[in-house]
Every structure is written in structure tokens, then in C-alpha cells.
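Asker: Could you build the full structure based on these sequences and the hints that come with them?
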Amino acid sequence: MGGWAIAVHGGAGVDPNLPKERQEEGMRLLGRCVDVGISALRSNIPAIDVVELVVRELETDPLFNSGRGSVLTENGTVEMEAIIMDGPKRRCGAVSGLTTVKNPISLARLVMDKSPHSYLAFSGAEEFAEKQGVELVDNEYFITENNVAMLKLAKEANSIVFDYRIPAPGTVGCAVVDKEGRCAAATSTGGLMNKMRGRIGDSPLIGCGTYACELCGVSCTGEGEAIIRSTLAREVAAVMEYKGLNLHEAVDFVIRNRLDEGKAGLIALSKKGEVACGFNTTGMFRGCATEDGFMEVGIW
Amino acid sequence: MGWAIALHGGAGVPLSMPPENRLPREAGLRHCLDVGIAALKSHMHALDVVELVVRELENFPHFNAGKGSVLNTLGTVEMEASIMDGKTKKCGAVSGLTTVVNPISLARLVMDKTPHIYLAFHGAEAFAREQGVETADPTHFITPENIERLQQAKEANRVQIDYTQPMPREAKKNAAIANGDSQTGTVGCVAVDSEGNLASATSTGGLVNKMVGRIGDSPIIGAGTYANHLCAVSATGRGEAILRGTVARDVAALMEFKGLSLKEAAAYPVDQAPPGTVGLVAVSSTGEVTMPFNTPGMFRACATEDGYSEISIWDSPIKVSN
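Chains Z and R, in that order, give the protein sequences. Once you know that position 246 of the first sequence is 246 in the numbering used here, the rest is easy, because the numbers rise by one and skip nothing. Count along the second sequence from 1, then add 300; that gives the number in the numbering used here.
Bear in mind the hints are in silico, worked out from the structure with no lab data behind them. A couple of the hints might just be wrong.
[Claimed, not checked] Computed list of lysine-lysine pairs in DSS-like fashion (alpha-carbon distance at most 30 Å, straight line):
1) K387(R) with K341(R)
2) K563(R) with K243(Z)
3) K89(Z) with K131(Z)
4) K387(R) with K243(Z)
5) K341(R) with K563(R)
6) K563(R) with K89(Z)
7) K390(R) with K263(Z)
8) K558(R) with K387(R)
9) K387(R) with K563(R)
10) K102(Z) with K114(Z)
11) K155(Z) with K413(R)
12) K454(R) with K272(Z)
13) K243(Z) with K390(R)
14) K454(R) with K89(Z)
15) K131(Z) with K454(R)
16) K155(Z) with K390(R)
17) K263(Z) with K152(Z)
18) K89(Z) with K243(Z)
19) K152(Z) with K102(Z)
20) K263(Z) with K179(Z)
21) K413(R) with K152(Z)
22) K179(Z) with K155(Z)
23) K263(Z) with K341(R)
As the structure is a prediction and not an experimental result, all values here were calculated from the model.
Answerer: Here it is, written out as C-alpha cells:
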């Protein structure tokens, strides 16, 4: 044990009928992101920088539900949120309600490093972005044809989409432990298709969608409500800390016992370099690698 | 066994406070406690009780929630709140409210009337209008004390809650003069009713001189607020410390995973947090109450079915450091 490790995800709850090309596209993207992470880790870049780097890749690619490619609100616009957390001191930065920031995860990082606060949202966050000089674009930049079509479907079905009949792309996340045993986690998302304006999900809420501490780093995806109610990410760390479970036991315990009827998944890794993932959904886009050469990308 | 209730009006009270500032707050705590006791005695559900009590605390202009909320750097009010039902673990949260008279009630509506848990800023305000909740002009919430606090914070040029930074002497003096009020107010209430249902609610205006759009710990489930079948917790103090420590959740986790008693479980995250940053109130399903804090004081009150009741500001049972 020991050594670096990285895990990424592109959303839990995958349509079993998702066309092969889409499946492969997703796996290729995750594979590429894992590679980006591996190179960074091999060059001794700290965990906190690696997770930001990897999530930026995922945000920039329009395939998953973050940054460009984010799902749409009921108004047809994009409102993004993200969070980054640094295990050793449990510092964090989170943002919600972004409409023009090209890489939400980087703004979250700036909140953590350059502001006296942990969480900024909506116009206050956009103002901060402007002051920090991050790259800003029009809201249209983030909107893809795919998502416009899906919003239409969702409105016809009159549902908020967490519904396999209308497959929606997933939240993205990354957890990393570097050679020094430092854990970090980051999550980024456009939220729920057809969501109310102003709706905040689980992803940017520390302890719910994302968590990192001395012991581990966790990023979750799935039904926001279920993840919040079960404070899913914190739960993994809490059972390790207070019940003495190892990473795999913790992930297993939490997925089995904490979700009730909720559907969700997560990736997690420990300071010892172990990687685990768990989900009670049909599939979760994920990839991981460890220093000893193990690497895997999968959905089911 | 039996019902129990605990409420707070903010941790971080300085060691001395002139009577003209202390007495109205004590009166406020007493009034809100009485409201809660009466509600529990009439068999109101814990969730309704905590909402009711926090509404009272929000309406009270001397606490940092609803009317009397501290001001952000622009001199306006941005309120947030969250509520959680221990039995179902359903929850609701709001942030960035500027016109809603009772943020906690809007949080309750988000929980009951939307498919979401958390609404913020323009979306939350729009929802408030749809729901027809009571709104007021933003100036309704602003009090002279808070205008003064903001001014002092700007003069000291810092967000008014940084205990770890050495304060320039004049600023220290100013802060002490700042009517000796809680620098880290937030209000909250936890209750267990006679059926054993637990609930928690927290509401705040946040930090003096905060950046526009800043969200703290109060609306974050697991940090400022949490309730499950074992206990209900509402925390107050320095947002960062409560967030990092996922304080409210940890109390329950310690009871569940380490078998600690309510008192032990509640003391732990408070002890672990940097001195002067955290306080909380908590009740258990069996009717116990605990109110630990590591700040010089915390406005608080509690009562249990066996007739015990308490209103306090200082006298911390846990180590305190300035």
C-alpha cells in the first residue's frame, strides 16, 4: 500500500440502452482524464492541484454534465456549481449559480485560496470571478444541442430529470491522493435537468457531495436529495474514523445502508493509496489508477 | 424520556456586556423558550416547534437572523436558513434572501413544496413570491446596531469574526464597544417531542461585512444543521470551522458509530475546533439536552419535560480560551 492514486467519475445512473458510441466516448474521456492525472502525480504535483486539473478537463469537454455540456434549468439556461476540498486541513472552496465562468472548479479554488470565505454564489460569485480575472464566456457557450433536446423532453414529461427514460449526463468528480499521502476531492456539475432557477444540489455542499480529510477523499453523484440527507461523502470518512472500517468496507457500508430509496454512487480513495467506488444505480461512469500500475475505466 | 427543547442566539459573546444589551436578549431567549415549551406541551410535532421558535428568533431584532441580520459589505442583508426532520431526514435550505421576513419558513416550504432541497438568491426570492410568504422591503431587516457594526468592521478592515488574527488595538477597542453583541450570531432550535420525533432549524444573516453571495454553515445540512433518529443539532460560530468539522453531522455520527452519549458526542467536535469558534445545542431522542461551546459565551436556553429550564449566556462547562 501507499503511493498515489486517482479516481474520476462522470455520473451515476446510466441508461442501460445508452448507444455504444456514447459509452465509448465517455470511457475514452475518463481514460484521458486519468492519464492527465497520472502524469501530474508522477511529476509530484500535489493532490489539490491534480483534482483541479482533471476536473477542468471534464468541464471543458461537453460530454458530461459540468461546465460546457451542463444540463439546463427550467429557463433553458445553465447554472453551474463546483467544490474543491483539501484533505490535510479540510479547507474548501465552493461556488454555485455560475453562468459565465468557463471553469467553475477553478473559481472554487480561488474562493478557497483568495477569499476569506468558503462558499460564494450567484452574482457575488460572478463578481468575484470578474475581479479575479478568470476566463468568462457567454452563457450560450455552455449550452449543447443535446441538452436543449433533453430539456424539451423533460418539460414534455413534466419531470425533473433523474429518470432513466430520459438519460441525462452526469456530474463529474475526481479524488486524488498524492505521494505524500495528501487527499483531495473535487466535484463539478450543472445540476438537474429542468431544475428550478436558484436550485443548489449536493455537489457543492461540503460533507454531502464532496469531502476530503486526512484519511480519504470522496466525490459523489446521483440523486442530490438522497446524497444530502445521508451526508454521503462525510459518511464514508466518518465510518472510517469512528468505526475503524477500511476504505472498501466504508464505501460498501455507506452505499448499502445510507441511501434508503435514494440512488447514488461515489468514488473514494484513502491516504494509503487505496481506491474504491460504490453505487446502487445502474452503472456509473468511472475510472481509476494507482501507482502500482493498476488502471480501470468502466460503466457497469 | 419526554420532550426537550434547546435554542441558541449565537456563540461568541464577549465576556462582559452592558445590561442594556444583555437584558433584551435574555428576554428574547425567555420568550422564545416559552413559545417552544407551550408548543411541545400541546403536542405539536418537533418540526413545527423548531420552525415556530426560529421564526420568533428571526423576528427578534437583537439576534443575527431575519430582522436584525448583520450586513454584507454592501450594507444589505442576505439571509439563509435550513431545517431538518430527524425521522424522515427530509430537509430544506435557503440562501441569499433579501425580502423574506421568515427565512426558516421558506426553507420549510422548499422542503415541503419543491422537489429540491436548497434554493438560493433570485430563485429563492422568486419561489417566495410564488408561495405568497410574507415579504418586506430590504430596509425592514436593517437595524442601527448593524449599520454601526458594519462601519466598525470596515474600519478594522476585516470580516468581523477572525479570532485568530491579532487585532489592531483600536479595532479591538471598537469591537468591544460594538455594544458587546454576539459577533457570531445565528439562531437555532432543536427539539424532541413526546413521540420522540427530532428536528433542527438554524437561521442567520451570516458574517458582518461578508462578500456578496457568501454562504456560511447555517444552510448546509451536516454542518450547521442536522437531525436523525438519534439527535438534533444546531451549530453556531465561525462558519469555516463548522463547515470543515461538519459539526452537526459529527455529533450524530459519534453517537451512532462510537456509541457516545449525547453530551460526549456534542463535546467532541466543539473541543476539536479551534478555541473560540464553535457552539451548539443538541437534544437526543430520549429527551437529553446539551449546549457546549468553546467561545467565551453563547446565548442559549433549554427546557425538558421534567420541569427543568435554563437561560444562560456564559458559564461554559468546556474549556474556554480568549
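Asker: Between the alpha carbons of K179(Z) and K155(Z), is the straight-line distance 30 Å or under?
Answerer: 48 Å, violated
Asker: Would the pair K413(R) and K152(Z) pass a check requiring their Cα atoms to be no farther apart than 30 Å?
Answerer: Judged against 30 Å, a Cα distance of about 23 Å means the pair holds.
Asker: Please work out if K263(Z) and K341(R) have their alpha carbons no farther apart than 30 Å.
Answerer: Not OK: K263(Z) and K341(R) at ~39 Å, beyond 30 Å, violated.
Asker: Hinted pair, alpha-carbon criterion (30 Å max): K263(Z), K179(Z). Please report holds or violated.
Answerer: 33 Å, violated
Asker: Take a quick look at whether K454(R) and K272(Z) sit within 30 Å of each other, Cα to Cα.
Answerer: This hinted pair is violated, its Cα atoms lying about 45 Å apart.
Asker: For the pair we were handed, K89(Z) and K131(Z), check the Cα-Cα distance against 30 Å.
Answerer: With Cα atoms ~26 Å apart, K89(Z) and K131(Z) stay inside 30 Å; holds.
Asker: Does K243(Z) lie within 30 Å of K387(R) when you go C-alpha to C-alpha?
Answerer: Roughly 23 Å between the alpha carbons, so the hint for K387(R) and K243(Z) holds.
Asker: Hey, K89(Z) versus K243(Z), does the alpha-carbon distance stay inside 30 Å?
Answerer: 21 Å, holds
Asker: Run the distance test for K243(Z) versus K390(R): straight-line Cα separation, threshold 30 Å.
Answerer: 25 Å, holds
Asker: Holds or violated: K263(Z) with K152(Z), Cα cutoff 30 Å?
Answerer: 24 Å, holds
Asker: Holds or violated: K390(R) with K263(Z), Cα cutoff 30 Å?
Answerer: Distance of about 15 Å is within 30 Å: holds.
Asker: Can you confirm whether the C-alpha distance between K387(R) and K563(R) stays at or below 30 Å?
Answerer: 21 Å, holds
Taken one by one, the earlier hints fail for this structure at numbers 12, 20, 22, 23, listed in ascending order.
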